[in-house]
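S.K.: What follows is each chain in one-letter form.
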Amino acid sequence: MTQWSGYLGLILQGALVTIELTLMGSVLALVMAFLAGMGRVSRFFIVRAIATTYIEFFRGTSIFVQLFWAYFVLPFAGLSLTPLQAGVLALGLNVGAYAAEVVRGAILSIGREQYEACTALNLGRWQGMRHVILPQALLIMLPTFGNNAIELLKATSVVSLISLADLTFQAQVVRSQTGSTLMPFVSVLVIYFALALIISWGVRSLERRMARGLDGVRV
Amino acid sequence: MPAPIIKVDAISKSFGAFKVLDGLSMQVMPGEKLALIGPSGSGKTTILRILMTLEKIDGGHIQIDGEQLYHMERNGQLVPADERHLAKMRQKIGMVFQLFNLFPHKCVMDNVTLAPMLTKGVARAAAEKRAMELLDMVGLADKAKSMPAQLSGGQKQRVAIARALALSPKIMLFDEVTSALDPELVEEVLNVMRKLAAETDMTMLLVTHEMGFAHDFADRVLFFDRGRIVEEGKPDEIFRHPKQERTQGFLKKIIAAGHRV
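Residue numbers (my numbering), protein chains in the order written: chain A, 558 to 776; chain B, 3 to 263.
None of these hints come from the bench; they were simulated from the model. All values derive from a computational prediction rather than experimental measurement. A virtual CB, placed ideally from N, CA and C, is assigned to each residue, including glycine. Hints are supplied without guarantee of correctness; some may be wrong.
[Claimed, not checked] If we take Cβ atoms under 8 Å as the criterion, some of the chain B residues that face chain A in the derived model are: (1) Phe-17; (2) Ala-19; (3) Thr-55; (4) Leu-56; (5) Ile-59; (6) Tyr-72; (7) Gly-96; (8) Met-97; (9) Leu-101; (10) Pro-106; (11) His-107; (12) Ala-146; (13) Ile-231.
[Said to hold, decoys possible] Simulated restraints on C-beta separations: (14) B/Gly-251 - A/Arg-766: 48 to 58 Å; (15) A/Arg-765 - B/His-211: 57 to 67 Å; (16) A/Phe-601 - B/Ser-181: 35 to 45 Å; (17) B/Glu-186 - A/Val-588: 47 to 57 Å; (18) A/Arg-769 - B/Gln-250: 50 to 60 Å; (19) B/Ala-259 - A/Thr-610: 16 to 26 Å.
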């Protein structure tokens, strides 16, 4: 029995690495999403071109390949990353490319009349974006951001391929050491699912808080 | 005689193949209350939107308060205005929209204080004090903390008027501000505008289908048709003794539709 709890400890250690990757990857993804998403609606062609290239490239290539590049190829260019850094970079850039389109779509979904009110009140482009458009667009982005975060959580398992000891990696370790397949795989299944649930709840309560007052009922 | 505050000179504007404004010229004196009437598609809303810089012009010139709106002088030459020049010119003009265009995520108070704080650097306390005065003027002091979604259409429009006034523009543009309202809510908005006209010397341009209100409110009425001003004059002349056939036809239709003149 003590042996089992030791193995469970290994798996929980893996879960911590997965959580760490998810959090840091999400922060990078969020930053990239806003940079590229707003870049896509920029007035300047060069900004739009850079944003579009980033999005199409990272959506169009496999996250495995991106991770291998970050970990195995970048050192040839003089940039050596730890497995965690490479994982965060690949996950953040990959999911950020998807989320950038969410940002763009949400910004475009805000009606022309809101932009016109900004002009009539003489708000600058950035002031209108910051105080009028983005706060409303954020509410539209949130549900899809929740989706993206869960996708990112599940994609973290790819880092086991560059021998970072995440949840999936540790499950394999336990499996090979104990010969038991059921126990480690049931554990990781439950843990991934629980983590995804936490993200869902978090996003939904954030949504509720931000929607307060908008429909005229809750204040 | 003082100089006109708005001088529109041979403005043209097309949407695709449709010519909305066709060499339109007009002048407005400081403090004048102007009603713009005419069938839909006649260009009366477009000229307001052009004055608010919401539409670009294809040709012609506009002067506001002695300065070019869409052009600026550089080395003695008139060149197209840049964003900074437009921002400077917009300070002179405020607009109220048919569909209010309030910011739904901000309470009434924040709707009114946002622009003065951001564009004029007014401190929050001063902006809120001024906002309360304006909300009091439009009869909504008790709604300062409400969200727009909790207000009726008439209340929303009165907030929108207060919001535009908070920037103290010299010129106010009203674009069919009662057209989207339930009939019983129209009067509360018109009352606010009567009060504004009586208590301030702002120049006011009003596009409306409320002919009775236009008659009482305006110093001068312009009748638009097909991108041109067909007839203009004092309200009594236009509404009681229209000279042009097209004006007569339009008013007849409006009366038949049940509008009071």
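S.K.: What are the numbers of the hints the structure violates, in ascending order?
M.R.: When the structure is compared with the hints, numbers 1, 2, 5, 6, 12, 13, 15 and 19 turn out to be violated.
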